[in-house]
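Could you put together the complete structure from these sequences and hints?
This is what each chain is made of:
4 protein chains.
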Amino acid sequence: MELSPKTARQIFEDVKANPARARFGFGRKAVLINIDVQCAYTQPAEFKTAYETDPRQIEHINRLARGFRARQWPVVWTFVAYMDSGEDAGVWGTRTDTPDSLQNIKHGSRRATFDPRAEVQQGVDVVYNKRMASAFFETALQSLLVWHQVDTVIITGGSTSGCVRATTVDSLMRGYRTIVPEECVADKHESYHFANLTDMALKYADVLAVDEVFRWVEADVESERKGESGSAAVAAATSTPA
Amino acid sequence: MELSPKTARQIFEDVKANPARARFGFGRKAVLINIDVQCAYTQPAEFKTAYETDPRQIEHINRLARGFRARQWPVVWTFVAYMDSGEDAGVWGTRTDTPDSLQNIKHGSRRATFDPRAEVQQGVDVVYNKRMASAFFETALQSLLVWHQVDTVIITGGSTSGCVRATTVDSLMRGYRTIVPEECVADKHESYHFANLTDMALKYADVLAVDEVFRWVEADVESERKGESGSAAVAAATSTPA
Amino acid sequence: MELSPKTARQIFEDVKANPARARFGFGRKAVLINIDVQCAYTQPAEFKTAYETDPRQIEHINRLARGFRARQWPVVWTFVAYMDSGEDAGVWGTRTDTPDSLQNIKHGSRRATFDPRAEVQQGVDVVYNKRMASAFFETALQSLLVWHQVDTVIITGGSTSGCVRATTVDSLMRGYRTIVPEECVADKHESYHFANLTDMALKYADVLAVDEVFRWVEADVESERKGESGSAAVAAATSTPA
Amino acid sequence: MELSPKTARQIFEDVKANPARARFGFGRKAVLINIDVQCAYTQPAEFKTAYETDPRQIEHINRLARGFRARQWPVVWTFVAYMDSGEDAGVWGTRTDTPDSLQNIKHGSRRATFDPRAEVQQGVDVVYNKRMASAFFETALQSLLVWHQVDTVIITGGSTSGCVRATTVDSLMRGYRTIVPEECVADKHESYHFANLTDMALKYADVLAVDEVFRWVEADVESERKGESGSAAVAAATSTPA
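So the sequence lines, in the order shown, correspond to chains A, B, C and D.
Position 76, counted from 1, in the first sequence is what the numbering used here calls 76; the numbers after and before it change by one each time, with no gaps.
Position 134, counted from 1, in the second sequence is what the numbering used here calls 134; the numbers after and before it change by one each time, with no gaps.
Position 6, counted from 1, in the third sequence is what the numbering used here calls 6; the numbers after and before it change by one each time, with no gaps.
Position 106, counted from 1, in the fourth sequence is what the numbering used here calls 106; the numbers after and before it change by one each time, with no gaps.
Hints listed in this document are in silico derivations from the structure and should not be mistaken for laboratory results.
Honestly, I wouldn't trust all of these hints.
All copies of an identical chain are treated as equivalent in the list; a pair is satisfied when it fits inside any one copy or across any two copies.
Dumping the calculated BS3-like pairs for lysine-lysine here, alpha-carbon to alpha-carbon at most 30 Å [unchecked claim]:
# : residue 1 : residue 2
1 : 106       : 48
2 : 29        : 16
3 : 6         : 48
4 : 106       : 29
5 : 106       : 6
6 : 6         : 29
7 : 6         : 16
8 : 48        : 29
Okay, structure coming up:
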C-alpha cells in the first residue's frame, strides 16, 4: 500500500492536474439526477445535517435542469423521507434517535422539503422518494432510463461521500457513462468530499467542470437532431459497441 | 463545508478513537463475503494492479471462513473475469486497453485465479463471477441471503475504496447489519483505504478489529443453538423489529 | 406437448383434487401483500377494467390484515398510478390511449383510490405506488422483507393473471415461501384466473383455502412466541436450511 | 368474472384472430434471449421433464441467432444448473428430491447441457447460468442491454408457462418492447402453453409468427445503417419518447 502525507484535497488536485486521463465521455442522450436537494441537507442555518460547498451549487443545478428540459431529456429529483415507524429506513435508522437522525426525516416535514431555490417542476420532472443512498436503489429510475434510451447520467446534489457516490457507482455498474460536475456536489467535510471525488474520478465517472457540461447540454438543438453533438459524437464513435 | 489539514489516515484514527460511537451490532446469523481475493489484486510481485495492506489479511479471512463453515453459515467468494469481447465489462472497460485493464482479466487466466493462499472450498463455498464493483450487483447473492435468513454481512477482500465499499453500501441498503473487519480489507493507497474506512464507519457499517469478529463467529456453538450468542443476543434484543 | 380438451378451470380442479401434492409450507414469519385493491380493478359498476371473482374477497383480505397487525407482521398495499406524461408506464402505456388505459390511471383519481371497503391503515401499513406488474419491481419491498426477516409471503388482490402472478414469481425467485389464498385473488375471465392458479400451484406457490391461512396467521400469539406454530413449525423443521 | 366453456387453446385462437390488436412494435435494436434450450427440457426421449411443441423450434432459434450475429446484435443463451448442496435453488428446490427435481440439475450433467442442435457460439454469444425463472433475475442481462442500448427483446425457448413467461414480464417491466415468436417457445401441456401465450399477448408482448420476426431481423443491413428498417421505423416513430 502506497503511503502518503498528502490530504485528500491535495490528492484530488493531483488527479485534476492530469489532463491526459482517459474519459468515459459524453454519449448521445442523458438524464439529470439531482440528489436530495432538500432542506435537511441544504439549509445550514436550520439543520446541523446541512452543508454548503460551492455557494452557486443550486444555481448550476437549475441551469442544467433547464438545458435538459429544452432537449426533452429527463430531469429527476430525489429526496429522502420515512414513515413514522421508520421501518423503511431499516437498519440504517437504528444507531441514533434524535431529531437529526435519518429516519426522523418525515414526510411533509421541513427537512424533507426541496430547497426553495431548487426549481423542481412538479408534474413535469420525475420525483422519487428514495430511502437509501443510491437513487437507483428500489426506485423506478432504471426502467425510466431504459424507456428514454439514455446512455449518459449526470449526477448532482449531496452528499459527495454518501448518496452522490452511491448513485455514481450504481450508474457505472448499470452500463451508463457517468458524469459528476464538480461544482454541483457538496459535502460537510472537505476530506470526505475530495476523497470521494478522487475515487469517482479514478474508477467510476468523469468529474468535470460544470462549464464543460453546460456546453454539451446546451449544444445547438439542430446539431443534436442530426446525431452530431461535438465531443459527444466523437466519444460515441470511439467507444460505443456496434 | 468543514476544512481540515488532516490526512485521511488521521481522520480515520480520530473516528476509531471514539469508543462511544453507536453500532449497528451483530445480529443472529451472518454470511461471509470475500471479495476478489484473486491474483490480479493480491500478488504485487506479478501484477501492478495488486496491493498488500495487512500482511496477515488472507490468513484472517481463512480463519473467518473456517468459523463460518463450522456454524453452517454461508461463505461466499467473488472474483472478476470477463468475456473475450469485454462487453460484460460495459462502459467500465472503455478507458484503457492494456494487459492490466479491468476488462482484460479473462476467464481462466492467472489474474482471474483465486490467490493460492485463499482456502476456497470449491463445491461447498459459494463462488460468484461478478463483473462490477458490488458483490450484490447482478449476482445471486440477495436470494441466497434470503434463503439462509441471515441478518448480518461480514465483508473482506479488496479494494477498500472499490468493491468492498460498493458491497458495503449495497448490504446496508438491502437491510443487513454490515461489518468490515479492518485487517481483512486492503487497498493500493493509504488515503483511499482510510478515507473509505471512515465513510463506511460513519455511514454504513461497523468497522471492527478482526479479533472481535473472531470472538463472535467462534462463540460456543451450543449457545448459538439456543439463540443466545453474547453480544449478538444483546444487539438483536435492542434493535431488531418485532 | 400433452393435448387436452379440458378447460383451464377443469385443469385447476384436477390439481386441487390431488391432496398429496408437496407444499412449500408456512415458515416462521410472513408479510401480507395486497395488490392493487383500487377502484379501477374492484368497482365493476364504475370501470370496465374492474372485475369480481369471490364477492367476499376484500372482507377476507381485511381479516388477514387484522391478523397480521396483531402479530406485528408487516401489511403492504400496492396501487398503480402514473404521471401526467405517462412516461413512468414506459412501453406498457403505448398500445392504447383511452380513459381506461393503464397509463391514464392518474395520481389522485378515483381509479387510483383504494377500494373504500379495503381497511388500509395509512401511516401504519406500508403503501407502495408500483408502476409495473410485480409488487417487488422497483419498490422498497425487498429491503423491507429483509429488515423484518420474514421468510413467507402471502399474496392477495388482482389480477390473478397479471400482478398477482408476477408478484408470486418474484417472491419465489427471491427465496420466499409463497402462499396465495384462493378466495383472495380475482380476475376478469375464468380461463385467465384458473390457468394462473394452476401455474402458480404447480411451480411457484401454495394455493390454499383462505381458512387454512387464517388458522396459521391467527394461531395463539403465545405459541408463536415460543417459535412453535403448528404446521409452520413442522414445515420449517423439514425444509429450512441450517 | 367472465365465464367461458372454451379451452385455453380456443381462447388463444380468438386472440390471434383479431388482426386489429395494437402492437408494442419492433424498435431500433434487439437482443435475442434463448431460454434453457438444454437437454433436461428438450430431449423427451431421455428426460420426462422435457417436451416438444413445434418440431422446428430449435432450427428457428438458430436462424434467429445467425441473423442477430450478422447485425452485431447480442445473442444470449441461458441454462439452469445448481450446486451440489442445491442451496442456490432456494425454496424452489424443496418440494421434491428425485433425479428429475429442479435442484438436481447439476453443473456438467447431461441435463444441464445445451441441446446439441442448438448452435451456441461459446465465447461469442453471451451465456448465463440462471437459477430462477426469469433470465433477468440475478444475471448480468440488464446491464448488458443498457450497454448495447437495445430497445427490443426477442424471447425463445421454454417453457412458455415458466421461464419464457417470467422473462417476458420482466422485459416489459424494464421498459423493453418484447416479442415472442410463437413457433420458438414450447411447453409440456397445451393448456399451459396457450394460456400463457394469451396472457403475454394481451398484457406484455407481441406474440408473432416467427416469419415476421425473420423479416425484421434479416432486413437489409444497409437500410438498418440509415436507421430505416421498415416496420421498425414506423413503430419507433409512433411511440418512442422524444
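Taking the hints in turn, this is what the structure says about them:
no. : hint     : in the structure
1   : 106 / 48 : within (16 Å within a copy, 38 Å between copies)
2   : 29 / 16  : within (26 Å within a copy, 38 Å between copies)
3   : 6 / 48   : both (29 Å within a copy, 22 Å between copies)
4   : 106 / 29 : between (35 Å within a copy, 28 Å between copies)
5   : 106 / 6  : neither (40 Å within a copy, 35 Å between copies)
6   : 6 / 29   : neither (38 Å within a copy, 41 Å between copies)
7   : 6 / 16   : both (15 Å within a copy, 20 Å between copies)
8   : 48 / 29  : neither (37 Å within a copy, 36 Å between copies)
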